[in-house]
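Trainee: One-letter residues, chain by chain:
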Amino acid sequence: MNATNSRTRGTLITVITWILVLLFFFPVFWMALNAFKSETDAASSTPLLFFTPDLDSFSVVQDRGMVTYLRNSLIAAGGATIVILILALPAAYALSIRPIKKVQDPLFFFISTRFLPIAAVTLPLYMILKTIGFLDNIWALVLIYGAINLPIAVWMLRSFLLEIPIEIIEAAQIDGANFLREFTRIVLPLILPGLAAAGLICFIFAWNEYFLATLLTSNDARTTPPFLGSFVDGRGQFLAVLSTAALIAALPVIIAGWIAQKQLVRGLALGAVK
Amino acid sequence: METEEIKPVVVEKTTWVSRGLLLPALVFAIVLTQIPFLVTIAYSSLNWNLLKPAEFGFVGFDNYVKVFQSGNLIPSIIATVLITTLAVVGSLLLGLFFAILLDRQFKGRAVARTLMITPFLLMPAAAALVWKYSMFDTNIGVINYVVTSLGLPPIEWSTDFPLYTVVIVLIWQFTPFMMLILLAGLQSQSKEILEAAAVDGAGPLKTFAFMTLPHLRMYIEIAVLLGTIIIIQVFDPIAILTKGTGGTKTLSYLLYERAFIGLDVGEAAAYGVVVVILTIIVASVALRTMFKVFISGVQR
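Protein chains in written order, with our numbering: chain A, 1 to 274; chain B, 1 to 300.
Don't read these hints as lab results, they were simulated from the structure.
Built from N, CA and C at the ideal position, the CB exists for glycine as well.
Among the clues, some could well be false.
As the list claims (entries may be wrong) - Under the rule of at most 25 Å between Cα atoms (straight-line distance), these lysine-lysine pairs were calculated in the DSS-like manner:
hint	chain 1	residue 1	chain 2	residue 2
1	B	Lys292	A	Lys101
2	B	Lys191	A	Lys262
3	B	Lys66	B	Lys243
4	B	Lys107	A	Lys262
5	A	Lys130	B	Lys52
To be verified - Pairwise CB distance ranges, derived in the manner of DEER restraints:
hint	chain 1	residue 1	chain 2	residue 2	range
6	A	Asp105	B	Thr228	21 to 29 Å
7	B	Phe210	A	Leu49	44 to 52 Å
8	B	Leu287	A	Leu162	13 to 21 Å
The task is simple: from the sequences and hints, build the whole structure.
Mentor: See the structure below:
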């Protein structure tokens, strides 16, 4: 009898869990649903679960040039991620496997730059970029997103590198492997999951960035997040178009995060959690 | 044979190689984060209003006097502390709750977990817009449909409850973040010890309070620290949902407003410097905790 009881309780908790999870997920589900509605159906005061699918909003979004904004986002986030990994991996190496004397100081410096309120320096940043003619330039975003997320990657990669057994590296050094060999043959293959995790996190943060993109770009370099706001229209109905654009904008990161859940956890905790 | 004779040199060489490896990242970070800050300090001593270019000139600390006399700072500090605290505590508790639910074995757990993390992956600007126009909206919002179905008057969220509007969206986005870290903590707990405790007659509540919570402590610290760093600078939901009205004008939003609506470069820069100094004071405490949690934990 006791066993049946605890079984019923287990089922009950499972059902409650599912209800809460679905409730929590509902706004995303609703966004996806609205993306396939006509404007009239999306603006219905009684929320419509069942409706005739309408793909009009997809062509509207395309006509508004969303592809360009997505391309800009890809350059900004992808470029920043590449810059970060190229700079962060050697730095993390010098802070773990071949440590310099005072490892703490650079670690401290890197993470303290992440604390710096970006908003405090945006206007000077704006003026500097304006002076050197880099306003509304996608490569400026690449560099800035690179600088903002570099500390995350350095900290993460360091924690991954510290996990490589020192014996493996010492063995390679005794065998006379020079630095480049030690790095490409031994360390690089072992650090690939770490690079994937760091890259994913940096890419997500850069892809989703709204504040600087709004202020430092206008036409040529405008990325997707500020573009989304342009669908808000004070006069007419816009929820279907807005939902479509939001869905398309968010999908790459959502899918990447779904696939790489394990790396995501590790990455979000700067490597401190497995 | 080569290693034998140059042994002392190898150590020397290693240090230089290491410094060389570190240098590019260090230079990159210094140039891109410190130079704009130095420029900000320089700007803060200038009378530089973009609308009145004729009055350009050096004014010393005048801009700082204006900043402290404006009375903008204290309300913004309160808004920042309030929103950050509510969002961090709210998402931590909700995240812990969901982590416990999803730590159990049940049908479709992987799917449930995948659905749960989605709000965190959703672009914040998209999340704020979706909440504003499809959830909170007075006419077509789902929440107000539920509220009016219950016979209650519709709620004008962003004007009646601006603070909670922002906090709700933040909690929704950061609960998965907290949950992921806490779930990793729960799963790293030894199942044998928990079973032994159950055999010894410890109830689930007792086990949770005396074994699971202490085990989770490090994970909670990590989650709170990293969550706070991100949420304290948050801008998107405020810009989209309330535009800083009704006690939601955080320091980030205030800086934005001073800079890009006021068009007074000098004054905006002074605001920036003051906020950075405030941040340094708070961050030095946070950084020390962070070092304790992260670095001493994995020191080789």
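Trainee: Enumerate the violated hints, using their earlier numbering and listing them in ascending order.
Mentor: none
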